[in-house]
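The listed protein sequences derive, respectively, from chains A and B.
Count along the first sequence from 1, add 2, and you get the number used in the working numbering.
Count along the second sequence from 1, add 2, and you get the number used in the working numbering.
The set of hints was computed from the structure by calculation and includes no laboratory data.
Please note that a few of the clues may not be correct.
One copy or two, either will do: identical chains are not told apart, so a pair holds if it fits within one copy or between any two.
What the hints assert, rightly or not - Subject to a maximum C-alpha distance of 27 Å in a straight line, what follows is the list of computed DSS-like cross-link-like pairs (lysine-lysine):
(1) 95 / 191
(2) 95 / 164
(3) 481 / 373
(4) 24 / 534
Number of protein chains: 2
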Amino acid sequence: MLRILMAQMNYIVGDIAGNVSKMVDIVNFHGRDVDLILFSELAATGYYPYDFINRAGFMEAQELQLSALQGATRGSRAAVVVGHIDRNPFAGKPYFNSLSVYENGMRTFTYHKQLLCNYDIFNEPRHFEPGSSPGLFMLAGHRTGFLICEDAWNGNDEPLYKTDPVEQLEREKLDLIISLNASPSNVRKQARRYEVIGSVARRCGCPVVYVNQVGGYDDIVYDGASFVTGRDGAILYGLPAFREAIGVVELADCGKISHSPVAGKAPELLVSPPPMDDIELIYRQTILGIRDYIRKCGFSGAVVGSSGGIDSAVTLALAVEALGAENVSAITMPSRFSSEGSVNDSIDLCRNLGIRLYNDPIEDEFAPWLKNFESVYGKKPDSLTMENRQARIRGGKLMAFSNDNPGVLALSTGNKSEVCEGYCTLYGDMCGGLNVLGDIYKTQVYGIGLFHNRVRPDRSIPENIFIKEPSAELAAGQKDSDSLLPYDILDPALMLYIEHDLLSPEETAECRSKLAMTSSPPIERAIRLVDKAQFKRNQSAPIIRVQRRSFGSGWQIPVASRYVDSQFIQEILGRQF
Amino acid sequence: MLRILMAQMNYIVGDIAGNVSKMVDIVNFHGRDVDLILFSELAATGYYPYDFINRAGFMEAQELQLSALQGATRGSRAAVVVGHIDRNPFAGKPYFNSLSVYENGMRTFTYHKQLLCNYDIFNEPRHFEPGSSPGLFMLAGHRTGFLICEDAWNGNDEPLYKTDPVEQLEREKLDLIISLNASPSNVRKQARRYEVIGSVARRCGCPVVYVNQVGGYDDIVYDGASFVTGRDGAILYGLPAFREAIGVVELADCGKISHSPVAGKAPELLVSPPPMDDIELIYRQTILGIRDYIRKCGFSGAVVGSSGGIDSAVTLALAVEALGAENVSAITMPSRFSSEGSVNDSIDLCRNLGIRLYNDPIEDEFAPWLKNFESVYGKKPDSLTMENRQARIRGGKLMAFSNDNPGVLALSTGNKSEVCEGYCTLYGDMCGGLNVLGDIYKTQVYGIGLFHNRVRPDRSIPENIFIKEPSAELAAGQKDSDSLLPYDILDPALMLYIEHDLLSPEETAECRSKLAMTSSPPIERAIRLVDKAQFKRNQSAPIIRVQRRSFGSGWQIPVASRYVDSQFIQEILGRQF
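Bound-form chain A, shown alone:
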């Protein structure tokens, strides 16, 4: 029998001493109670350290810290499996993405990740050379296979890599596969993991223990949600998503897996946890994304411009969940075009959320700008110029509050539909250190708000904010629908354009059917705006990533370029123009 502890921890990228110290604490506390302690991929450095890897002292710092972890296993019952960077002394990139086994003070095995991701947000071969040996080791008397994250994902019809590390393990009559991961969270990801890892278990005929890190940095959030499959690929147990957790499973000699109490604590493992639905996942992930970005950047609070609309209301609600009401402030900045409702709705919202609201109108700065513009430039500004100037006065006020209150970060509130279309003002409403909703389509933002009201009735978003028509209130009588397609048409069109190759056939069909009653030219116009707005997104704050494909490093297109692909647009829409 093998008692295996899964450590699903929240690391800080580059804080090697802090990360390893967390691990040493776990070894010291649980080392007598279990046979094996598993830490996730690149746990030592936090995933992903990017070009820090190339700095002279980075490897030395890691080696120093890892020797402390190795030392902590001396005399301990538990062996440790930990993800870290290793050196490559031969030709190729100078490092490997590796895992090592420490047993009784010694390093007894090292495996180098063979499949290095280079797509979407990933670029591991920038720093690492792929390994070339299978992950096989006799660990505590058990025939054990090792995989690091992507190693498990090449078993499909259109393989991205020439090697399949799972195939290397298939005929080895393994007792167990250990999979260390740093797998970012997005909608539908957990279900995919269950499929892929379940298939690994079936192909190799043994249980798989899948350990993932948890926590956010910049635009990326890891959910944890570590799990265990049986030999048949069935999901037996899982750790909770979006928080640190420790779970213990027992592998019996017959190959049966069962879960077990953690020393001195009730077990944290859940039996057969189903994947979260999209809205709940986005809600919980965004809260953790805000909390970790603020905390890991050394901030403690946030300020949000409150327009009285749904975007800023949801942003504020999420910020309060992440940081506590006492650490969140709102500013309403009405203009000459603002409805009375904007301010009143902000007041109601902030009362419900228990946060401070400041009222800082923009007219006293807008009026002199308008007057001087005419005298300096000899003409009245165009309507768009006036709209943008108002948005930028607001951005400036928000940033002034942030500058004047150290530790308070401004959050921007543009949703993905706006960010796609460029329906947002650079240096205006795009001001802020983190964009909270930039990967959430407008129609989903309402869903997030409703979900929030259901789980947090004590801190609810007022109903009036849900029912009013979306407007930037930058010109008289302005409505979003003057400039954009209705969101229930726009969002499925955008989703098809951005994620066409990642959607299920059902999702594709659903999106297309929502477009069925709309003629092609306005849809095509809306889709073409996505590439045109790239220059704005390149200057955006990090956008918390929640979808299968998101802007940021997952969407790399040049600005000073010329490429329009009608054929592609027709194909994804499933129609001829």
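Guided by the hints, dock chain B onto chain A, whose structure is given.
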């Protein structure tokens, strides 16, 4: 004898029809006069099309256009060698970075690039599978070797790749090597190319014809500067840098290379062109970077905030060179803290440059903001808050001018020393579609200004702008030196930190000697600011890249992280703290 035409063209990324049409024109015009026409790496798509590659119609569009080019060789004396994307039908990434030979209407040879760059600004394996066959083909009766860019660069002591394509060619008794490139320009790059390609020629014992693209997009500028080596690696001829050019060389049966007139034109080839010195290179490269970014984005003019300081003066001078005086405007935006000199120096500057200057003071917006801030937030704003608010009022005015004048892009003026230290205001002086000086250290900015005055005495920057002490003029009596190390200390420290591994031993020694009289703590503080300011650079406009290592995709570090490396800082400074 073989007559070879080198076509150094400026392509637009994604404009496949436009790019190929340029090539067809050259084949039609010169095809009777030469035996071989060489176009650069990925000439069909422009280098580099990023994720456009993955779009459904991209390959079809390219294949359609390439068949026109192939057709243009039918009945022509000239064979064509052209860089393009090819499909990979087997496991791995679905495309290759390839070149093909078209002869008399047929595709007779295709070679796939074997070494795919994944460092600095490059990430080719995101889209491409490496080729695995040597580039060998009997072309027009000549034993010819083929290399695509990086293929030539693995012949050193610490090879980044396990394969060396040059080694594959070494024993093949070649008559000629053809190297197609998309090699970005930066300081000291041309001298490195001469070394590396010269060594390829010596190893293989044959001449090398090196063809590069020219032109800018986003942050990257290609210089062209294509050249030809003899068998001994000596540089015999070169095409001019920073403009489109065509040159013809003749390869005699004895292996001797000589240059030759282009049909109907004087030859453009220069005999043994020496690499440009750093300042001239930066000057010319930045001008092309501005011109191509503006033009390829569909703009025609620029506006710059003119402070009367050296940064905005040099930015304006470069913009005038790039776009013509009639397409450039300046706005001076004095504050209550501005010296009288600021406005007068701007007036003198704009008179010399022949451009329109608007005077748009910020006081009428700043005063009401200040008054309202106290009444809304119950305190006077901190000094930093006030400074930033002024910078942001200026940014807003600049953007209003740009919004109100379609086709006019705002240029930002922060130099690399400021961008390193975060001595710049997000949404303030960082506003703009392109940052012109962000990769040029402050001490170099003066050099660029002096160089400009030497080559353009008719459009000179007034002397007073060179001699005044640098100041942001956002507070009374403020000077840069209140916040920053003196630039002649700061710049070598920053250069060591950012480019330590790319500098020559002489450069390293020179930088260290400039720091010799300064104690370590202020230097270390200055260096630590570089990583801390990353969040600002992540929201910057593209910065025209001119150095060996630049911010942007060449400098990837996470923000919500914790890594401080004193050992590294000590090593690069060559001293103990």
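Structure-based check of each hint:
Taking the shortest alpha-carbon separations for residue 95 and residue 191, only the inter-copy value of 22 Å comes in at or below 27 Å, while the best intra-copy value is 30 Å. For the homomeric pair residue 95 and residue 164, the shortest alpha-carbon distances inside one copy (19 Å) and between copies (9 Å) are both at most 27 Å. Taking the closest pair of Cα atoms, residue 481 and residue 373 come within 27 Å of each other only inside a single copy of the chain (26 Å); across copies the shortest separation is 32 Å, beyond that limit. In this assembly of identical chains, the alpha carbons of residue 24 and residue 534 lie at most 27 Å apart only when taken from different copies (25 Å versus 46 Å within one copy).
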